[in-house]
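Participant: Here's the letter readout for the chains.
There are 2 protein chains.
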Amino acid sequence: MPLGRWTPLRHPEIDQVAIDDVLHALADPTRRRIVRMLIADGDRPCGTFGLEVSPSTLSHHFRSLRKAGIIRQFDSGRQRINTLRVAELDTRFPGLVDTILDSAPD
Amino acid sequence: MPLGRWTPLRHPEIDQVAIDDVLHALADPTRRRIVRMLIADGDRPCGTFGLEVSPSTLSHHFRSLRKAGIIRQFDSGRQRINTLRVAELDTRFPGLVDTILDSAPD
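Top to bottom, those sequences are chains E and C. Take 235 as the starting number for the first sequence in the working numbering and just add one per residue. Take 235 as the starting number for the second sequence in the working numbering and just add one per residue.
Any given hint might turn out to be false.
Pairs involving identical chains hold if they fit within one copy or between any two copies, as the list cannot separate such chains.
Below are the SDA-like pairs computed for lysine to any residue, each with C-alpha atoms no more than 20 Å apart in a straight line [as the list claims (entries may be wrong)]:
#	residue 1	residue 2
1	K301	E286
2	K301	S337
3	K301	P246
4	K301	V320
5	K301	E322
6	K301	G284
Derived by calculation from the structure, the hints in this document are not laboratory data.
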């Protein structure tokens, strides 16, 4: 049975997303780069970002973004796909993600 | 000689302020409350904020805000006065502090 091979990934409901988690998640240049790549190119699997960090560090960054409500992750075959929740976030914190990305030089 | 009784307080130049430090500093409800009180009431000494946190925790919060370039602190007699650098910050990160404060429910 392929279902149940993975622990289901937890995603906060948008009204449970905490501003402190969003700010901490975006206070890192690698995580901002992930968000910028998702904005530019749309959904993509974890292994395709070409970032020069170790797999465990990369997993940590994706987990931070997921727990902060900034991305959703779902498993498709052997790939874990990442998708942005910026439209949802924007209903809760209008303009926040854009303003942070505009402020960061990276 | 009253001068030299304190170690001079370090303040980053505005062009050295790091976005990551600003985001971490504002990812805390007590620190946001300090900023909101300074916006509402202007400069005030550390001991007058009426926050229910220990003196050491309060010192930590003020230090985080100072190192992130959000406040300046200077000693006047026996008091340490806090003053906002939001106008300066706004030249470097337009709208960032306001957008974060508007996003936070506290």
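Participant: Hint by hint, say whether it matches the structure.
Facilitator: Now for the hints, and whether the structure bears them out:
1. K301 with E286: neither (22 Å within a copy, 29 Å between copies)
2. K301 with S337: Only across copies: K301 and S337 sit 18 Å apart there, 23 Å inside one copy, limit 20 Å.
3. K301 with P246: within (7 Å within a copy, 32 Å between copies)
4. K301 with V320: within (14 Å within a copy, 30 Å between copies)
5. K301 with E322: within (14 Å within a copy, 33 Å between copies)
6. K301 with G284: neither (22 Å within a copy, 33 Å between copies)
Violation of the numbered hints given earlier is confined to hints 1, 6; the remaining hints are satisfied by the structure.
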